[in-house]
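Given the coordinates of chain F, assemble chain S onto it according to the supplied hints.
Residues per chain, in single letters:
2 protein chains.
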Amino acid sequence: MDEFSFIEYLKKKTPLSSRVLIGIGDDAAVLEVDKSKRFVVSTDVIVEDVDFKIKTLSPEKIGRKALAVNLSDIAAMGALPTSFVISIGKPSYITASWLKRFYKGLLALARQHHIVCVGGDFSRSKEFFANVTIFGEALPRQMVKRSGAKPGDWIAVTGVLGGSLLKHHHDFTPRIREGLFLVKYAKPTAMIDISDGLVQDLSHILKASGVGAVLELDKIPVSRDAKKISRGNKEKAFASALSGGEDFELLFTVSPRRKRRLEKIWQKEFPKVSLKWIGKIEGKAPHISWRRGKGKVVPPKLPRKGFSHF
Amino acid sequence: MDEFSFIEYLKKKTPLSSRVLIGIGDDAAVLEVDKSKRFVVSTDVIVEDVDFKIKTLSPEKIGRKALAVNLSDIAAMGALPTSFVISIGKPSYITASWLKRFYKGLLALARQHHIVCVGGDFSRSKEFFANVTIFGEALPRQMVKRSGAKPGDWIAVTGVLGGSLLKHHHDFTPRIREGLFLVKYAKPTAMIDISDGLVQDLSHILKASGVGAVLELDKIPVSRDAKKISRGNKEKAFASALSGGEDFELLFTVSPRRKRRLEKIWQKEFPKVSLKWIGKIEGKAPHISWRRGKGKVVPPKLPRKGFSHF
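Protein chains in written order, with the numbering used here: chain F, 7 to 316; chain S, 7 to 316.
In isolation and in its complexed conformation, chain F is listed as follows (with noise of 0.2 angstroms):
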């Protein structure tokens, strides 16, 4: 039993209420407060040894990490984020001065998006662990499920993808304006940020949408880092660049109509972030196929699926 099929076990157990909008399997649980306001839920934790090493990572960019993963999930939903908790795993070696670094990094970014720690919890622990709850708001038509994706839509992505690994998955910017940007404007019909690998986060949209996709081989963006630490090799970089993971950028889909009207405003607002258009959603089954111009290819070799927690 992998992680997925824990989750979609968790699902069935689970039952909704009328309070809440979105439970298990999103990137974030959606709760109605009243009629005119969503609070928007997201939880992530980050351990030591799994998503950083002490040794080779700052205290500031291990706090920095452990609040920006939250943050991206808040953007997937195309919410505002407002303030967050977090539980700290604390072994007997990470000393106070330690712990004062990773809140100095982890503030600051809170700064930046103007989101507040309203609480949280310590534990002793053999390795260091952060766990960070946070909260976002959304109007109630303005909001991005994964399970939207309609036969004709565009599939898009922001950004570049693949070599997170050599430092974009410590220093990544969340996408949260881009998310308010979209919803506002392109109204998405499905949205989730990269955190496991393109392949496998399209197949999370794919699945809860019931549809399929074909996806253009030629306009993925490989990003330079995935060139860099393929060291020429061009499928290894292509590889990593779909299914790498921690890219953290957002991927979504949107109808031919509003495919139209947001090339035209994107580059405006946000002159430093690509879209590319990658590929169309087709068809009632959840499947990718591969097309290169007007032909069929074979899809091409990922070393593993994404990445597991399992």
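Derived by calculation from the structure, the hints in this document are not laboratory data. For every residue, glycine included, the Cβ atom is placed at its ideal position computed from N, Cα and C. Incorrect hints may appear among the rest.
Capping the alpha-carbon separation at 30 angstroms, the derived lysine-lysine pairs in DSS-like fashion look like this [unchecked claim]:
no.	chain 1	residue 1	chain 2	residue 2
1	F	K132	S	K225
2	S	K274	S	K233
3	F	K132	S	K59
4	S	K190	F	K106
5	F	K67	S	K19
6	F	K61	S	K213
7	S	K67	S	K106
8	F	K67	S	K17
9	F	K193	F	K225
10	S	K41	F	K132
11	S	K173	F	K59
12	S	K193	S	K270
13	S	K61	F	K19
14	F	K43	F	K234
15	S	K190	S	K213
16	S	K19	S	K41
17	S	K300	F	K61
18	F	K234	F	K59
19	F	K190	F	K41
20	F	K156	F	K265
21	S	K274	F	K132
22	S	K190	F	K41
23	F	K132	S	K106
24	F	K43	S	K41
25	F	K19	S	K173
26	S	K106	F	K213
27	F	K265	F	K213
28	S	K59	S	K234
29	F	K19	S	K193
30	S	K225	S	K173
31	S	K17	F	K106
32	S	K19	F	K59
33	S	K242	S	K300
34	S	K18	F	K110
35	S	K61	F	K18
36	S	K270	S	K190
37	S	K61	S	K213
Which bits of chain S does chain F cover? Going by a derived footprint, with three or more residues having C-beta under 8 angstroms, they are [said to hold, decoys possible]:
no.	region
38	52-61
39	170-178
40	217-231
Chain S in isolation, oriented as in the chain F frame:
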């Protein structure tokens, strides 16, 4: 630097916003969602070998405890719990069937309180841990902080104290109903749940309120389990009731007028839960003095000052 001074340090570093009514340093944070409603948030992590042992406690009971400690925090605010998210750190020796039993215990308690799981996260880890962030609702004037105790107020505690390690710490009933009843009918001036031990948790109220307390030695409700684990040693049983921790009872203060009213209605509403008046708020300097009858006595010896996670 201990846990509590670190929390003080964080509090100074963390500005409140106009939407955050209670931030770091209470049992739960309180956010304003609109003028008529308050959103209450609390987070607690339990860690293997710190809060429980896998070998001696069943997965169902560990799951129950992960949620119960959070419910206790919501109870201490006098709020109504609604939903929660949970992050799991899963070492390789934890099997899927163990995890299912963990969720069975957790979700059974959730159903009893009519609350739902709305999301979560998984990670690999070296030891098992579970972090629950719980959400609740409260009306604007029905919410208790730690900081409202005033000279002349009576100090009360629900249930009996001490000996929690014997079994109470993993099968206690969170005082949700009692907390809601108290805010409605007794308007406590301050309230906290006893997780670190009576003396330490009372001192949190005293510090936050800027007041002192006089406690009546003979009024402390020492549990049978405290006597049992102390094997007839009265002083030890008493120390366990004062500082053992994990009692998860409610400790609160009320005005003399409210005390008289509460005495009349408590036992009828909660025939199986004792309510003891253990002392009074006195003076403006945070301190605890002890009395037996009318005479002052030396403070009882405590083995340690409750429980610190640092």
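Results of checking the hints against the structure:
| no. | hint | verdict |
| --- | --- | --- |
| 1 | K132/F to K225/S | 40 angstroms, violated |
| 2 | K274/S to K233/S | 28 angstroms, holds |
| 3 | K132/F to K59/S | 14 angstroms, holds |
| 4 | K190/S to K106/F | 40 angstroms, violated |
| 5 | K67/F to K19/S | 18 angstroms, holds |
| 6 | K61/F to K213/S | 39 angstroms, violated |
| 7 | K67/S to K106/S | 12 angstroms, holds |
| 8 | K67/F to K17/S | 21 angstroms, holds |
| 9 | K193/F to K225/F | 22 angstroms, holds |
| 10 | K41/S to K132/F | 44 angstroms, violated |
| 11 | K173/S to K59/F | 38 angstroms, violated |
| 12 | K193/S to K270/S | 15 angstroms, holds |
| 13 | K61/S to K19/F | 26 angstroms, holds |
| 14 | K43/F to K234/F | 45 angstroms, violated |
| 15 | K190/S to K213/S | 25 angstroms, holds |
| 16 | K19/S to K41/S | 27 angstroms, holds |
| 17 | K300/S to K61/F | 60 angstroms, violated |
| 18 | K234/F to K59/F | 22 angstroms, holds |
| 19 | K190/F to K41/F | 19 angstroms, holds |
| 20 | K156/F to K265/F | 14 angstroms, holds |
| 21 | K274/S to K132/F | 47 angstroms, violated |
| 22 | K190/S to K41/F | 26 angstroms, holds |
| 23 | K132/F to K106/S | 24 angstroms, holds |
| 24 | K43/F to K41/S | 13 angstroms, holds |
| 25 | K19/F to K173/S | 28 angstroms, holds |
| 26 | K106/S to K213/F | 24 angstroms, holds |
| 27 | K265/F to K213/F | 22 angstroms, holds |
| 28 | K59/S to K234/S | 22 angstroms, holds |
| 29 | K19/F to K193/S | 38 angstroms, violated |
| 30 | K225/S to K173/S | 23 angstroms, holds |
| 31 | K17/S to K106/F | 12 angstroms, holds |
| 32 | K19/S to K59/F | 26 angstroms, holds |
| 33 | K242/S to K300/S | 24 angstroms, holds |
| 34 | K18/S to K110/F | 13 angstroms, holds |
| 35 | K61/S to K18/F | 29 angstroms, holds |
| 36 | K270/S to K190/S | 15 angstroms, holds |
| 37 | K61/S to K213/S | 39 angstroms, violated |
| 38 | 52-61 | holds (count 5) |
| 39 | 170-178 | violated (count 0) |
| 40 | 217-231 | violated (count 0) |
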